[in-house]
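A.B. asks: One letter stands for each residue in the lines below.
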Amino acid sequence: MSKKINPIAHPRLSLNILSTEDVRRIHTATLDVIESVGVRFPSHKALDIWEAHGATVDRQTMIVKVPGHVVEDALKKAPPIYTLAACDPSQDLPMDGHHVYLGTDGCGVEVVDLFTGQRRRSCLQDVVEIARVGDYLEEIAFHWVAVSAQDCPPQTRALHELAAIWQNSTKHAQTESIVTEREARAAIEMAAAIAGGKDALRKRPVLSIMQCTTSPLGHDGGSLDAGLVAAEAGVPVGYMTMASCASTAPATLAGNLVVGNAEVISALALMELAYPGAPVYYAAAQTAMDLRTGAYTGGGPEDFLFGAATNVLSDFYNIPLSMGSFATGAKEPNWQAGVENSLSTFMASIVVSDMLLGVGLLHGSRIWSYEQMLMDCEIYSIVHKMLDGITTDDEALALDAIRAVGPGGNFMTQKHTKRHMRELWQQRFMDRRPYNVWEEKRDGARDWARQKAQDILKTHQPDPLDPKLAAELSRIIEAAERVTT
Amino acid sequence: MTDELFNAMRQAIVDGDAEQAEALARQSLEQNIDPLAAINQGYVQGIDYVGEQFGAGEMFLPDLMLAAEAMQKALAVLEPEMARRGTQRQVLGKVVIGTVKGDIHEIGKNLVATMLSAGGFQVYDLGVDVPYATFAEKAREVGADIVGVSALLTTTMTGQRSVIEALDEMGLRPRVKVLVGGAPVTRGWATEIGADGYSEDAMGAVALAKKLVGGYHV
Numbered sequence: 001m002s003k004k005i006n007p008i009a010h011p012r013l014s015l016n017i018l019s020t021e022d023v024r025r026i027h028t029a030t031l032d033v034i035e036s037v038g039v040r041f042p043s044h045k046a047l048d049i050w051e052a053h054g055a056t057v058d059r060q061t062m063i064v065k066v067p068g069h070v071v072e073d074a075l076k077k078a079p080p081i082y083t084l085a086a087c088d089p090s091q092d093l094p095m096d097g098h099h100v101y102l103g104t105d106g107c108g109v110e111v112v113d114l115f116t117g118q119r120r121r122s123c124l125q126d127v128v129e130i131a132r133v134g135d136y137l138e139e140i141a142f143h144w145v146a147v148s149a150q151d152c153p154p155q156t157r158a159l160h161e162l163a164a165i166w167q168n169s170t171k172h173a174q175t176e177s178i179v180t181e182r183e184a185r186a187a188i189e190m191a192a193a194i195a196g197g198k199d200a201l202r203k204r205p206v207l208s209i210m211q212c213t214t215s216p217l218g219h220d221g222g223s224l225d226a227g228l229v230a231a232e233a234g235v236p237v238g239y240m241t242m243a244s245c246a247s248t249a250p251a252t253l254a255g256n257l258v259v260g261n262a263e264v265i266s267a268l269a270l271m272e273l274a275y276p277g278a279p280v281y282y283a284a285a286q287t288a289m290d291l292r293t294g295a296y297t298g299g300g301p302e303d304f305l306f307g308a309a310t311n312v313l314s315d316f317y318n319i320p321l322s323m324g325s326f327a328t329g330a331k332e333p334n335w336q337a338g339v340e341n342s343l344s345t346f347m348a349s350i351v352v353s354d355m356l357l358g359v360g361l362l363h364g365s366r367i368w369s370y371e372q373m374l375m376d377c378e379i380y381s382i383v384h385k386m387l388d389g390i391t392t393d394d395e396a397l398a399l400d401a402i403r404a405v406g407p408g409g410n411f412m413t414q415k416h417t418k419r420h421m422r423e424l425w426q427q428r429f430m431d432r433r434p435y436n437v438w439e440e441k442r443d444g445a446r447d448w449a450r451q452k453a454q455d456i457l458k459t460h461q462p463d464p465l466d467p468k469l470a471a472e473l474s475r476i477i478e479a480a481e482r483v484t485t
Numbered sequence: 001m002t003d004e005l006f007n008a009m010r011q012a013i014v015d016g017d018a019e020q021a022e023a024l025a026r027q028s029l030e031q032n033i034d035p036l037a038a039i040n041q042g043y044v045q046g047i048d049y050v051g052e053q054f055g056a057g058e059m060f061l062p063d064l065m066l067a068a069e070a071m072q073k074a075l076a077v078l079e080p081e082m083a084r085r086g087t088q089r090q091v092l093g094k095v096v097i098g099t100v101k102g103d104i105h106e107i108g109k110n111l112v113a114t115m116l117s118a119g120g121f122q123v124y125d126l127g128v129d130v131p132y133a134t135f136a137e138k139a140r141e142v143g144a145d146i147v148g149v150s151a152l153l154t155t156t157m158t159g160q161r162s163v164i165e166a167l168d169e170m171g172l173r174p175r176v177k178v179l180v181g182g183a184p185v186t187r188g189w190a191t192e193i194g195a196d197g198y199s200e201d202a203m204g205a206v207a208l209a210k211k212l213v214g215g216y217h218v
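If you read the protein sequences in the order shown, they are chains A and B. Residues 1 to 485, numbered by the working numbering, are exactly what the first sequence covers, in order. Residues 1 to 218, numbered by the working numbering, are exactly what the second sequence covers, in order.
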């Protein structure tokens, strides 16, 4: 039985992070960079498209310099609203600018085993089980490939991962692990099989594709070619910058936004030039380099500011946004994870980022933890409640109840209380027990989250994929395997 | 007079001022100062200071990178004169480094290469998307002590094993040590493929390289 999805919808709180003038300055600087510095597009297909549309193309360096108006005109062709379809239509996700849909994070390489507690290399069975838990949770609206199926052959790994998600969840699948044209073609074929043909897929994209840029100011050739395959099929495709202050971007936040923006909008413009009207989205997870190790930090005040600022940019271009939040740098579910994941999620949600990535990974998106996954969902539910804001209609002002109780007394036996108490947020993993109960048991959030994940895995049966479709997915993967061997 | 020049060289490195480091190198040649003395009593003093400050948390990675770049500029000026005099700078070892085939991520690899170079190693950087056999061929050609293989993708990470196999086939193992790195790489993976070392960051990689060439306790 498929579960209801409960996204953040129509937040009543708001935040002013960039003024219209600020955005204009960032946009102008971005166009200047694209036109005078250029962006590297190491794909012959991409270079041909750029050349045909009046860009200056250097075939040697594969750097493209594009007049600003070409980029602006191309971006205007991108649809502002579309729907990410699910196998179960009641789980469809309209990208309408009023919802924040949460996904799982990706793509980890290790898993803290749910039953032994040992850290080990990730495999296909983990993709299966994470998809099943994600299918159950109402906070999770769509899946990323949470961990890499490292026991599958590298050439078709991304396809096995995708099939595992579709076989274990009816929710939308977004993959970030397809980086070649060949795999993209097979993935589209799989998605078309599920949607009921190529035209049906265009109307109901049960798959979307996420590609990473190569900061600063570059792209990966395979990612570009894979993105073009998706755009041709009408499958939503996004490009994500992970520009990092002081290493792959300037040390200043505005400079980082300019570099990342140049990467993302140049790639999206390319998609629109090739296939006008193709559904695309902006994706970002900028950060600051750790000044001591050079590492991608995945948490910190800069990240939180980027989380809120980027949606202002994607709104300016009238394109949906997939924003990196959560993804703590902490090594285990702890204080750091709680602080980082709460603040990043609050900042990205209050500005209504359409897609939010994602729950469950530790150590900068490397280690999967079911405990972290469940606790991240709790963070999301807190933010969800906060963004509902405060209602001040007559019923909410509660004058009748106040009159009935008067000075002294209490509100516990009021009908008004019974009507509204379930609107109060209920914790699952926060410890609100009496001190002596805690003292006796010495357990807490991690234990309860682990127990909950174990229960879900033991009891939740996702709606099964039609066996004929499952067989068809296997056939497509086998065919792809034969091509590569 | 010479002491003043050496001090200025040291300071140019500490400031990360490549132009100044280069200009001072030229000046030392004009004054017929032994390039080895300029390196060891001037520039290396600066590198050592920056390293100490980094260790104390007073300076940051960009400071190290700027210092290393300034050092490289100075060395480029001094090297022809060293060759003419038939002297050479003592290096701790030779390292061949690159990002493995199918992978174009270079920042982490460049960081490690620069830090190794500043740390006293002769570094041969093969760039990105490097075929497995090329690592082994270059290692044989230059008589490398260490081969460093970087990978940022789970799909290209398997190429690190292939590089080790290529080194095996050429009979270079276990003499040539292998260091692996990159975001998806773990200690477990390094052990499984028979690599000699793994580090998550550049400073750790330098420490490991020093340990592998022997005699250095870190």
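Among the hints, a few may not be true.
[To be verified] When the alpha-carbon atoms are kept at most 30 Å apart in a straight line, the in silico DSSO-like pairs for lysine-lysine are as follows: (1) B:Lys211 <-> A:Lys331; (2) B:Lys210 <-> A:Lys331; (3) A:Lys418 <-> A:Lys4; (4) A:Lys331 <-> A:Lys418; (5) A:Lys198 <-> A:Lys4; (6) A:Lys45 <-> A:Lys77; (7) B:Lys138 <-> B:Lys101; (8) B:Lys94 <-> B:Lys211; (9) B:Lys101 <-> A:Lys45; (10) B:Lys211 <-> A:Lys65; (11) A:Lys3 <-> A:Lys385; (12) A:Lys77 <-> A:Lys65.
[Said to hold, decoys possible] Covered stretches of chain A, going by a simulated chain B footprint (3 or more residues, C-beta under 8 Å): (13) 105 to 112; (14) 163 to 169.
[To be verified] Pairwise CB distance ranges, derived in the manner of DEER restraints: (15) B:Glu169 <-> A:Asp58: 50 to 56 Å; (16) A:Arg24 <-> B:Pro80: 47 to 53 Å; (17) A:Asp22 <-> B:Asp15: 30 to 36 Å; (18) B:Gly171 <-> A:Glu51: 45 to 51 Å; (19) B:Tyr49 <-> A:Asn6: 32 to 38 Å; (20) B:Glu192 <-> A:His69: 50 to 56 Å.
Because the hints were derived from the structure by calculation, they are not lab data. Note that this is a predicted model, so its numbers are computed, not measured. All C-beta atoms in this analysis are idealised placements derived from N, C-alpha and C, irrespective of residue type, glycine included.
A.B. asks: Take the hints in turn and mark each one as holding or not.
C.D. replies: Checked hints:
{"no.": "1", "hint": "B:Lys211 <-> A:Lys331", "verdict": "27 Å, holds"}
{"no.": "2", "hint": "B:Lys210 <-> A:Lys331", "verdict": "28 Å, holds"}
{"no.": "3", "hint": "A:Lys418 <-> A:Lys4", "verdict": "24 Å, holds"}
{"no.": "4", "hint": "A:Lys331 <-> A:Lys418", "verdict": "42 Å, violated"}
{"no.": "5", "hint": "A:Lys198 <-> A:Lys4", "verdict": "28 Å, holds"}
{"no.": "6", "hint": "A:Lys45 <-> A:Lys77", "verdict": "20 Å, holds"}
{"no.": "7", "hint": "B:Lys138 <-> B:Lys101", "verdict": "15 Å, holds"}
{"no.": "8", "hint": "B:Lys94 <-> B:Lys211", "verdict": "13 Å, holds"}
{"no.": "9", "hint": "B:Lys101 <-> A:Lys45", "verdict": "21 Å, holds"}
{"no.": "10", "hint": "B:Lys211 <-> A:Lys65", "verdict": "46 Å, violated"}
{"no.": "11", "hint": "A:Lys3 <-> A:Lys385", "verdict": "20 Å, holds"}
{"no.": "12", "hint": "A:Lys77 <-> A:Lys65", "verdict": "20 Å, holds"}
{"no.": "13", "hint": "105 to 112", "verdict": "holds (count 3)"}
{"no.": "14", "hint": "163 to 169", "verdict": "violated (count 0)"}
{"no.": "15", "hint": "B:Glu169 <-> A:Asp58: 50 to 56 Å", "verdict": "38 Å, violated"}
{"no.": "16", "hint": "A:Arg24 <-> B:Pro80: 47 to 53 Å", "verdict": "52 Å, holds"}
{"no.": "17", "hint": "A:Asp22 <-> B:Asp15: 30 to 36 Å", "verdict": "34 Å, holds"}
{"no.": "18", "hint": "B:Gly171 <-> A:Glu51: 45 to 51 Å", "verdict": "48 Å, holds"}
{"no.": "19", "hint": "B:Tyr49 <-> A:Asn6: 32 to 38 Å", "verdict": "57 Å, violated"}
{"no.": "20", "hint": "B:Glu192 <-> A:His69: 50 to 56 Å", "verdict": "53 Å, holds"}
In summary, the structure is inconsistent with hints 4, 10, 14, 15 and 19 from the numbered list given earlier, while agreeing with the others.
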